[in-house]
Each structure stands twice: as C-alpha cells, then as structure tokens.
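Chains as they are written, first to last, in the numbering used here: chain A, 104 to 438; chain B, 104 to 438; chain C, 104 to 438; chain D, 104 to 438.
These are calculated hints, taken from the structure and not from any lab test.
Don't take every hint at face value.
In this list, chains with the same sequence are indistinguishable; a pair is considered to hold if it fits within one copy or across any two.
What the hints assert, rightly or not - Quick list of in silico lysine to aspartate or glutamate cross-link-like pairs, EDC-like style, CA-CA up to 16 Å:
id	residue 1	residue 2
1	Lys172	Glu430
2	Lys309	Glu147
3	Lys265	Glu419
4	Lys169	Asp363
5	Lys340	Asp436
6	Lys194	Glu108
7	Lys404	Glu430
8	Lys309	Asp208
9	Lys340	Asp390
10	Lys340	Glu173
Number of protein chains: 4
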Amino acid sequence: MNLPELNLDPPFNITRTSHVVLTVADLEASRLFYTEVVGLMVTEQTGDTLYLRGIEEACHHSLVLKRSKEPPRCERVGMRVLRERDLEPLKAFFDRQGLNTAWADVPHQGKTLHVTDISGVPLEFCASMTVVPRPLTQFHLHKGGSALRIDHYQILVPDVGKACAFYMSAGFWLTEYLSPGNSGEFAGVFLARKGNPHDIVFFKEKGPRLHHAAFAAPESFHIMRACDCAGALGFGKSVERGPGRHGPGHALYVYLRDPDGHRVEIFNTHYQAMDLEVAPVRWDPADPFRVNPWGLPAQRKWYQEATPFAGVELNEPAVRPNPVTLERYLAGDGH
Amino acid sequence: MNLPELNLDPPFNITRTSHVVLTVADLEASRLFYTEVVGLMVTEQTGDTLYLRGIEEACHHSLVLKRSKEPPRCERVGMRVLRERDLEPLKAFFDRQGLNTAWADVPHQGKTLHVTDISGVPLEFCASMTVVPRPLTQFHLHKGGSALRIDHYQILVPDVGKACAFYMSAGFWLTEYLSPGNSGEFAGVFLARKGNPHDIVFFKEKGPRLHHAAFAAPESFHIMRACDCAGALGFGKSVERGPGRHGPGHALYVYLRDPDGHRVEIFNTHYQAMDLEVAPVRWDPADPFRVNPWGLPAQRKWYQEATPFAGVELNEPAVRPNPVTLERYLAGDGH
Amino acid sequence: MNLPELNLDPPFNITRTSHVVLTVADLEASRLFYTEVVGLMVTEQTGDTLYLRGIEEACHHSLVLKRSKEPPRCERVGMRVLRERDLEPLKAFFDRQGLNTAWADVPHQGKTLHVTDISGVPLEFCASMTVVPRPLTQFHLHKGGSALRIDHYQILVPDVGKACAFYMSAGFWLTEYLSPGNSGEFAGVFLARKGNPHDIVFFKEKGPRLHHAAFAAPESFHIMRACDCAGALGFGKSVERGPGRHGPGHALYVYLRDPDGHRVEIFNTHYQAMDLEVAPVRWDPADPFRVNPWGLPAQRKWYQEATPFAGVELNEPAVRPNPVTLERYLAGDGH
Amino acid sequence: MNLPELNLDPPFNITRTSHVVLTVADLEASRLFYTEVVGLMVTEQTGDTLYLRGIEEACHHSLVLKRSKEPPRCERVGMRVLRERDLEPLKAFFDRQGLNTAWADVPHQGKTLHVTDISGVPLEFCASMTVVPRPLTQFHLHKGGSALRIDHYQILVPDVGKACAFYMSAGFWLTEYLSPGNSGEFAGVFLARKGNPHDIVFFKEKGPRLHHAAFAAPESFHIMRACDCAGALGFGKSVERGPGRHGPGHALYVYLRDPDGHRVEIFNTHYQAMDLEVAPVRWDPADPFRVNPWGLPAQRKWYQEATPFAGVELNEPAVRPNPVTLERYLAGDGH
C-alpha cells in the first residue's frame with residue numbers, strides 16, 4: 104500500500120499532544136468525574152472554567168472544561184511546539200494551504216496560534232504554559248485512574264487518507280494504520296510526534312468530531328480502579344467499552360463517557376516509537392480477533408457517537424464504514 | 104425474607120471446595136488452556152486423565168480432566184471434610200434423605216464418599232489427598248492468571264430455595280443472596296464453609312448444571328494477563344464476560360470458556376466471612392447497577408449455557424428467570 | 104523433630120485473630136499514619152479512643168488506639184470465638200492451668216473474656232462486635248496500603264515451645280516453624296485457626312512483647328503505595344524493613360513503625376491452610392537465603408525491638424537468639 | 104546555580120539510549136539471569152555473543168553479552184541518531200574536541216560511529232538496526248521483570264560538571280541534578296534526549312565506570328516478580344538495593360547485580376520531559392529523606408562499585424563524595 108511521505112524536516116517542531124478544551128453543562132459533576140474516576144488533579148477554577156492536569160504534568164492544564172448552556176462541544180485540541188519561534192513557520196504552513204489561522208491570547212499559555220486543519224479540526228499550538236508543581240510523588244492524593252498525562256486524541260473524519268498526508272507533511276510519523284483488504288484506503292491511522300505510537304489518531308466516520316481524548320495510567324490496577332470508582336460514585340453506566348486490549352497500539356484500555364457524553368480513554372502499556380527503520384504496522388479490520396484480541400467487540404455507539412467541534416460543519420465519508428460491532432456479533436454476523 | 108436455618112453443629116465437618124472433574128475432547132488443547140491461560144500447574148497425567156492444581160495448592164488436584172469421546176460433561180464436584188471419620192455421619196445425612204450414597208476408590212484421594220445432593224448434583228467428599236509441593240514460590244513458573252486455588256462452584260438448579268435449605272442444614276453459611284422484589288424467592292445464593300463468601304453458589308435455571316468453577320488469582324494484573332495470554336494463544340473468543348466487578352461477593356472477575364465450553368471464572372478481592380453476627384447480604388437483581396456496578400451486562404448465553412452433569416436428568420424451574428442481559432440492554436430494555 | 108499435639112476437638116471454637124489495643128501519645132498523628140499509610144478506615148472516635156477497621160471488615164474495630172501519657176504499650180490482643188457459649192469452656196481451659204481470667208465489659212464487643220496466656224500475653228475473646236458497613240466497594244475512599252483486615256500478631260516470648268504446645272492444645276494448627284539445625288528447639292512458630300498460615304506467631308526473644316500486628320493488603324501495588332504515602336507524608340523513616348519476600352509463609356511484606364514505635368506489617372499472597380494431611384513446614388534460620396529469599400537481611404532492631412504489654416513482666420530466653428542481621432551481613436559475617 | 108548551556112540546534116539528532124555491550128564469564132548463567140529475572144528476550148546467539156532485547160523492542164538488541172575470559176568489562180554504550188546522515192556532523196563534533204572517533208562495522212547495526220566522550224566513556228552511535236518482531240503481545244512468553252526496553256545508563260565520572268556541559272552542548276536536556284549545599288558543584292546529573300528524565304546519568308566517583316544500565320518495567324508487580332524470580336532461581340543475593348522509590352526521577356526501582364557483578368536497574372513510573380519552560384529539578388544529597396523518600400539508604404558498595412570500561416584508564420575525583428550510606432545510617436551517622 105502506498106503511504107504518504109513523511110517530512111522529517113519541517114521548518115517547525117511540534118513536540119506533543121498538549122490539551123483539550125470541552126464545554127460541559129455542570130462543572131461540579133464533571134469535576135467529580137475527572138478527579139475521582141479519571142484521577143486528574145485540579146490546577147484551578149476561574150469563574151466558569153476548570154483547569155485540570157495529570158499527576159505527572161508540571162504544565163498548567165491538559166484538560167480545560169468550560170461551563171456552557173449549549174450542547175456539549177469540543178472547542179479545540181491543543182499541541183505543543185518546542186519554541187515560540189516555531190509558531191510563525193507553522194502559521195505559514197497552514198496559510199499556504201488556505202487554512203484559517205489566527206493569533207490568540209489564551210490564559211496560562213504562551214503565544215498561541217489558532218488554526219483549522221485539513222479536515223476542519225480546530226487546533227491550537229503554543230510553546231509554553233504556566234509551570235505548576237508535578238504531583239507525581241503526592242501519592243496520598245492520587246485517585247481513581249491516577250491519570251498520568253494526556254497522551255493523544257482520536258478524531259473522526261470522512262477522509263482519513265487526506266488527514267494522514269496532511270499530518271505526515273507536518274512531521275508526524277505514521278506508526279500503525281488500519282486498511283481493509285486490498286482497498287488501498289485508510290480506515291484509521293496513528294500519527295505520532297512524541298516518540299510513542301500516537302499523538303493524534305484518525306478514524307473514518309462522519310466528521311470532524313472528537314472521538315476521545317486519552318490519558319495514560321500507571322498500571323492495570325488503575326484501569327480497574329477507575330471503573331470501580333465510577334461504579335462507587337454512580338458513574339457505572341459511563342463505562343462504555345472494556346477494560347480490554349487493543350490490537351493496534353497494544354494498549355490495555357477502558358473507555359468512559361463523562362457526564363456530558365464526551366468520551367475519555369484511560370490506557371497503559373504501549374511502546375516507544377522513535378526508530379525510522381521500523382515500518383508502520385498494518386491491520387485489517389476484517390480480522391476482528393487481531394484488532395480486538397480477546398473478548399467482545401465494541402457496541403455500535405462506540406464507533407458512531409462523538410463530540411462535535413464547536414461551530415464546525417460535518418461531512419459524511421464517501422462510503423460508511425461497517426465495523427464488526429457488538430450488535431453484529433450477538434446477531435451471529437461478522438465474527 | 105425468611106431464610107432457612109443454619110445448622111452450626113452438624114455431626115460432620117465439611118471444610119472447603121476441593122476439586123472438579125470434567126470430561127474433554129482434546130486433552131492437549133485443554134492442557135494448553137488451563138496452564139497458559141488460567142495458570143494452573145500440571146501435577147501429573149496418567150493415561151487419559153490430567154490432574155492440575157493451583158500455585159498455592161499442596162494437594163494433588165483441584166481440577167481433573169478426562170479425555171472422552173462423549174459430549175463434554177462434569178462428572179462430579181468435590182469437597183473436603185476435616186477427618187475421615189466425618190464421612191460416615193455425612194453418609195448417614197444423605198441416606199436419611201433418601202439420596203444416593205456410595206463409597207468410591209479414587210486415585211490420589213483418601214476414602215471417598217459419592218453422593219447425590221437434593222438437586223441431583225453428583226458430589227464427592229474426602230478427607231485427604233496425596234501431598235505434593237506447593238509451587239507458590241516457583242515464581243518463574245507462574246503463567247497466565249496464576250490461579251492460586253480452586254475457590255467455589257456455581258451450579259444452576261431449578262429450585263434455589265431447596266438447595267439453600269439443604270446446604271444450610273449441612274452447616275453451610277448463607278453469606279449473600281439475590282431475591283427479586285418482594286417475591287420471597289431466591290434467584291441465587293452464596294453458601295460457604297471455608298470462611299469466605301462462597302464454596303458453592305446456586306442460581307435459578309434449568310438444572311442441575313455446572314455454571315462454572317472459580318479459581319482465585321493473586322492480583323488484578325493476573326486477571327488481565329489471563330485474558331492477554333488467551334488472546335496471544337488463539338483463545339481470544341473464550342473470554343465470555345468481563346473483566347468486571349461483581350456486586351454480590353465484590354470480586355473482580357473474568358469468565359472464560361475452555362476448549363470444550365466448560366466455563367471458568369478467575370477472580371480476586373473478596374472478603375473474609377466468619378462472624379455470625381453479620382447478616383447475609385440481600386441483592387435485588389432488578390437493580391442492575393448494584394448487581395453489576397459498572398459496564399455492560401452479561402450476554403444471554405452466560406446466564407443460560409452450562410455444563411450438564413454426566414447422566415443427570417435436567418429440570419426446568421417453575422418460572423424462567425428473565426435477567427437483564429446484554430441483548431436486552433442493547434435493545435434499550437431493562438436498564 | 105517432635106511437635107506438640109494438636110487438639111482438634113477442644114470444647115470451644117476460636118475462629119480468628121480479631122483486634123489489637125495499643126496506647127499512643129498523639130491520637131492525631133496515629134490517625135494520619137493508620138488511615139493514610141496503612142489504609143485503615145476510622146469507625147469512630149470517642150474521647151481518647153480511636154476505633155479503626157480494614158476495608159473488608161464489617162466489624163466495629165480491628166485496631167483500637169487509646170491516648171495515653173505513659174510510654175506506648177499494647178493493652179491486649181483480641182480473638183474471636185464462634186458463639187458466646189464458647190466463652191465459658193474457654194474460661195475453664197485457662198482456669199485449669201492457673202491462668203488469670205475475668206469477664207470484661209468492652210464497648211462494641213459482645214460478652215468478653217480477659218485472660219493471660221501461658222507466656223503472660225494479655226488476651227481477650229468475644230463472639231461478636233457491633234456490625235458496621237463493609238467499605239470494600241467504596242473504592243474512592245481506599246487509601247495507602249488499603250489494608251483489608253487484620254490477619255495475625257507476632258509475639259516475642261522467651262519459650263516458643265511452651266507457647267506452641269499451649270496454643271495447639273487450644274486447637275491452633277502449627278503450619279510452619281523455624282528450628283535451628285538439630286536443636287529440637289523452636290525459634291519461631293506459626294499458629295493458625297482461620298485457615299491460612301497464621302493467626303498468632305511466636306518468636307524467641309525477651310518477652311512477652313508484641314512484635315507486630317499484620318494487616319493483609321490487596322496487591323503488591325498497595326504495599327508500594329503504603330511506602331510511597333509514608334514518604335509523601337513525612338513517615339519515610341517509618342519503613343523499617345522491606346518491601347521483601349518472606350520464606351516462611353511466603354508473603355510479600357513491608358514493616359513500618361507507627362509514630363509511637365509500634366510495628367505493623369502490611370503483606371499479601373500467602374496460602375490457604377486447612378488440610379490435615381499437609382505437614383507443618385520446617386525452616387532452618389541458619390539458611391538465610393531460604394528464610395529471606397532475596398535482598399538484605401533485617402536490621403538488628405527489627406529482631407529485638409517490640410512493644411511491651413501493659414503491666415506485664417519481661418523474661419529473657421535461656422539462650423539469646425543470634426539471627427543473621429543486616430549489621431552482621433555488612434560486616435561479612437553469617438551469610 | 105549556574106547551569107551549562109543547552110544547545111537546542113546541534114547539527115545532528117541523537118534520539119535515544121540504544122544498547123550496552125558487556126563481557127561475561129559464563130554466557131549460560133547470564134542468559135538465565137537476563138531472561139528469567141530481568142525478563143529480556145533472546146534475539147539470537149552467534150558463537151560467543153548473545154543478543155537480547157526488551158519485550159517492546161523491535162530492534163535487534165539493547166543488551167549484547169560477549170563471553171570473555173578477562174575480568175568483566177563494559178565494552179561500549181550505544182546511542183541512536185535519527186538518520187545515518189547525522190553521523191558525519193556528530194563525528195566532526197567529537198573530532199573538533201580532539202576526542203577519538205572511528206567508523207566501525209557492527210553486526211545488525213547500520214553504519215556505526217565509535218567515539219570516546221569527554222570523560223573517557225567509549226560510545227557508539229548508529230541510525231538503525233535489523234528489525235525483529237516486537238514481542239509485546241506475546242504475553243505468555245513474558246518473564247521475570249518483563250523488561251520493556253532499555254531506558255538509560257548511569258556512569259560514574261570524576262568530573263560531573265564537565266560531562267554535563269559536554270552533553271548539553273550535544274543537545275541533551277538537563278532534567279534533574281544533585282548539588283550539595285551551596286557548593287555550586289554537581290554530584291549527579293540526569294541528561295535526556297528521548298523526552299523522559301534520562302538517557303544518560305552521571306554521578307561523581309572514580310571513573311569512568313558503568314554504574315548500571317536501566318530497563319523500564321510495566322508495573323510495580325514486575326519489579327517484585329523480578330526479585331521473586333531471582334530468589335526462586337538462586338540469584339537472591341543479586342538484589343543489591345530496593346525495591347524502593349527514588350527522589351530524583353521519582354521512579355520505583357530495584358538494583359540487581361548480574362552473575363558477573365554488572366549492575367542493572369529495573370524501574371517504572373517516571374514522567375514525560377519535553378517542555379522547555381520546566382526548569383531542571385535540583386536536589387541536595389544532604390537531605391537523605393528527599394533523595395530517598397522512605398526506607399534504608401543504599402549500602403556503600405552501591406555507591407562505589409561499578410564496571411570498568413574495557414581498556415579505559417580510571418581517574419579519582421578531586422574530592423571523594425561521602426554519601427549517607429547504609430553503613431553510616433546503622434552507625435547513627437548522617438541521618
């Protein structure tokens with residue numbers, strides 16, 4: 104299969120997934136969920152905005168929740184560049200492709216660039232945040248899933264190949280991908296900057312929509328504890344998929360829906376990916392027990408439901424994907 | 104609700120769940136499953152019989168697999184009495200109720216009593232087995248779920264109340280039970296001798312059939328590792344339910360189906376139950392998020408499929424149970 | 104080696120280790136240590152007395168702390184009998200041997216018998232306690248070592264053989280013991296009622312003194328988390344020995360000293376012990392890498408320091424033990 | 104304190120710690136230790152050379168063991184560059200400082216550059232290795248510590264400040280350092296390329312010598328299992344320090360000595376370090392309970408013993424360090 108070209112020398116250095124900004128109806132309900140179940144720490148609350156970070160994060164926020172009376176949306180996903188001087192050439196990269204760009208003033212972030220990517224995803228880039236204490240050794244304060252840090256986003260888009268080519272031209276490595284049979288088409292791609300398998304993941308569906316933000320957890324115990332704390336605190340229905348093991352990326356995972364329906368993944372045990380000689384791993388979704396090595400497939404809504412981006416128009420893929428869902432499995436179909 | 108009477112002074116001392124005897128089609132396939140996935144150790148194989156034990160067990164066997172060309176069956180479940188002299192009064196207890204009893208000569212077991220219980224379950228009792236090394240500190244040999252020991256059986260019977268009264272009259276403590284609404288009827292009972300919540304569990308369904316044998320695992324990690332080894336070795340479809348958390352009994356669990364379809368549970372973290380002042384815990388199955396505190400319900404076949412006992416006739420319950428299955432949940436019913 | 108005789112039919116039924124009563128200087132400091140490091144839950148505080156229990160315990164207390172201006176002492180260790188009617192024959196058992204007995208009125212306990220054992224240890228027995236909620240599924244409230252329940256005591260006495268014979272005559276099983284070379288003498292004994300290796304352990308030293316009370320923890324993770332919470336909260340020096348692995352009993356352990364110097368063990372992964380045909384396991388303390396299978400030996404003070412019982416006279420053993428301490432190891436001696 | 108300058112734009116891109124080459128007396132003994140205790144996988148053995156890798160590594164080797172009749176040595180530590188074309192400017196960097204450089208032909212590695220660093224450490228750099236399967240999901244084959252990957256080296260040198268300045272000028276980030284009181288001198292430095300706290304660590308002692316190579320493990324359970332497998336296989340004495348928790352870097356660790364006395368660390372739970380606004384963390388070794396947050400200090404030999412590099416002359420530091428060792432602690436000194 105022909106893979107897009109990786110540009111190893113773009114004139115800017117995007118370093119990692121940084122933060123996600125979500126709107127929510129009830130800030131207290133969300134705070135309870137993200138601190139006691141996911142295990143994030145509150146950095147501060149200012150008015151209608153709650154800033155959270157993982158227990159190993161010394162940056163001001165990796166999750167920003169804003170109270171809103173509108174239906175829940177993702178306002179923006181954020182990435183880091185190494186230095187502020189990376190922002191101008193990054194702006195030029197987007198400008199050259201006729202994509203929206205604008206400078207923004209965002210609290211607790213250095214100079215920030217707002218852009219829209221090739222799929223319509225609203226992104227922001229900055230080089231720095233306010234530094235706060237890293238709570239990693241405040242062990243007595245760690246709760247629920249003890250989320251260490253934000254790791255990646257998964258985004259649904261109608262044209263995965265286009266998104267893949269765009270990010271590879273910006274220096275993202277393709278580490279793994281799903282491609283059905285001999286279609287030559289991408290069903291999903293893992294794109295990485297920080298040296299593990301993923302900073303941003305795209306799957307084919309109506310989009311762009313945020314499928315989930317993923318937080319790394321220390322041990323398999325914490326994945327179970329997140330679920331158990333969810334159960335103890337009345338969030339039992341929020342456990343939508345798993346715990347289970349991914350084929351692609353190899354992570355142990357669980358997916359939860361927050362009080363507004365935003366999806367979050369808590370996962371651990373993937374791998375370091377920083378050697379160019381290792382080819383991207385190809386998966387065929389038609390082989391469900393490679394993609395989902397044990398247990399039941401995900402229910403249909405895991406594939407189809409996602410958070411719209413605020414004010415962004417949705418498009419359907421040319422051909423709708425037809426994954427092996429739990430519903431098909433129980434009907435004796437596709438397994 | 105009226106609970107049957109507990110006889111604290113029966114003239115015999117049943118100490119614990121001991122072993123289960125299953126027939127299988129392919130001894131090599133079963134051996135792979137039970138050693139690499141469940142993590143049992145092989146004590147020995149003699150002809151068509153394979154004897155296995157958990158990593159903390161110094162007894163000769165807690166699982167006996169016999170090669171058979173017939174459809175897979177459970178031949179018998181076994182329990183221990185403290186001393187051989189407990190066997191005669193135990194025989195008298197069964198004889199008085201007109202139940203079948205017979206002495207048996209079983210390899211690697213002391214004097215053994217065969218009986219049929221009030222529900223038609225074939226049991227055997229013995230006071231001792233051949234002692235073998237306890238492999239608990241052979242850490243480099245521990246595999247898969249690292250099953251520590253057999254813990255309990257779950258058996259489907261049409262009349263749970265009758266089974267409960269029978270075992271309580273033999274000295275089994277009722278620790279937890281499920282009873283719908285104000286029915287005054289038992290949907291399920293946990294009965295215990297060894298000081299934790301269960302040695303034998305009964306649930307209402309066509310029976311008697313063996314729903315599962317349960318093995319305790321050291322840590323939540325081992326529950327995940329059992330699944331992961333299942334996936335790696337081609338047993339991925341065997342993971343039928345979970346990992347999840349039980350309401351009743353509070354255990355973290357996973358259920359797998361062995362190569363013949365016999366169901367096995369690997370679980371950990373329950374509690375000590377040896378104080379008389381603690382009342383049995385009642386659960387209402389109509390409250391699915393107490394009984395199943397997080398995640399999806401079990402699929403229908405988990406409720407309905409089970410292993411027949413060899414040569415034992417099946418009976419239907421007066422009223423079929425109607426649990427909240429995964430199928431009903433996905434159809435929007437009952438949750 | 105000649106082992107004392109086990110009386111399997113005493114006229115009373117002691118079921119398990121129940122609780123320990125300690126005096127402390129600063130109730131707030133102790134509360135912080137036992138809740139945040141060990142992970143016990145507070146049942147209640149009344150005046151100068153703090154009652155705690157493990158996360159799986161439905162009984163009112165397994166640890167009682169009393170504020171005192173005197174040097175820290177253990178007032179008493181407690182055990183359970185099955186029924187109140189076990190207490191009279193138990194009193195007779197102690198009376199016959201000329202040991203002190205008295206009825207006592209103890210808050211939140213049923214009828215309570217105070218006795219002094221053959222080594223001078225002050226014990227109390229009761230059949231019941233006030234029942235309180237079992238916090239096992241309040242996962243969001245579990246802290247530090249998440250101590251599940253009290254498991255056993257270790258007591259230093261000058262004559263271990265005498266203690267062993269006394270308890271075996273009361274129905275305690277000898278599961279493991281240490282005996283040097285061909286001495287025919289006991290250096291240490293594990294004595295059990297509840298079906299695991301130990302309810303009460305005796306080692307030879309000046310005594311009687313309480314060496315430690317031991318609490319079971321769910322997973323190896325919790326043993327590390329207890330240490331990490333100790334470090335985070337300024338109790339780092341309290342970690343006296345381990346984490347490490349015991350030869351005898353096979354547990355993964357850590358020993359901490361509480362703010363008054365009382366020693367507590369947090370441990371997991373031992374085994375079920377309820378089969379008579381399994382002989383007690385013998386260990387020779389002269390073989391340090393069997394008794395202590397990896398890592399460094401314990402420092403001298405772990406062997407020699409312990410909590411006196413309130414008002415109880417101390418006696419020296421005929422011959423002082425000479426264990427392979429960390430000090431001897433570093434001096435190149437004895438390993 | 105004045106920190107050396109970080110060169111963010113060197114004309115080459117060193118990506119990560121890659122591999123270490125050790126000589127050993129008995130290849131079979133080493134193989135047993137590294138596979139069953141550390142949990143590395145054997146890639147292949149060719150004549151007197153054994154190649155191993157971690158369970159998440161798709162590269163041919165991260166540990167190379169060569170049979171030798173000479174006393175055990177470290178031949179070389181290896182690092183990766185992103186592309187082969189990084190090697191020429193890297194050679195020029197060393198050449199300009201009058202340091203030894205040479206091209207080498209190394210099996211299973213791309214074009215390889217041999218150099219000697221500013222402290223006399225023999226290094227090699229390459230851009231690629233033979234790609235082999237990543238055994239991460241062969242869960243049934245994971246053993247002992249289940250070492251995921253090589254993470255970093257710790258090297259003893261007489262002048263830490265000089266080593267620090269040299270590596271920072273080559274693009275290594277200083278993430279943490281130890282500096283006593285107001286000395287303005289470095290006792291230890293953590294230097295990183297791959298986005299976590301360390302690829303190469305220097306501490307002040309007679310050197311250059313390899314103090315240890317460190318491998319990341321998945322969970323705290325695996326740290327304990329490495330020790331337990333060591334104990335079960337007769338390597339119990341090899342556990343030299345820990346398990347414990349580091350202050351600097353925050354990792355949970357254990358140190359073992361392999362059959363030739365080479366030291367290896369197995370650790371987990373550190374943090375991502377890829378934001379420039381986060382200042383290097385300073386530690387004062389005079390505060391032992393910050394540097395070693397709980398438990399006993401390391402014994403003296405942990406500080407002083409290390410593996411010489413083959414054929415490299417040793418130098419003493421101007422002033423010998425005087426750490427708070429276990430020996431000083433037991434003597435009541437320095438804590």
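How the hints compare with the structure:
1. Lys172 x Glu430: neither (34 Å within a copy, 35 Å between copies)
2. Lys309 x Glu147: Intra 35 Å, inter 48 Å, cutoff 16 Å: neither.
3. Lys265 x Glu419: within (14 Å within a copy, 59 Å between copies)
4. Lys169 x Asp363: Only inside one copy: lysine 169 and aspartate 363 sit 12 Å apart there, 48 Å across copies, limit 16 Å.
5. Lys340 x Asp436: between (26 Å within a copy, 14 Å between copies)
6. Lys194 x Glu108: neither (21 Å within a copy, 29 Å between copies)
7. Lys404 x Glu430: both (10 Å within a copy, 15 Å between copies)
8. Lys309 x Asp208: Neither, since 31 Å and 52 Å both go past 16 Å.
9. Lys340 x Asp390: Only across copies: lysine 340 and aspartate 390 sit 13 Å apart there, 29 Å inside one copy, limit 16 Å.
10. Lys340 x Glu173: Neither. Shortest intra-copy (23 Å) and inter-copy (43 Å) distances fail the 16 Å Cα cut-off.
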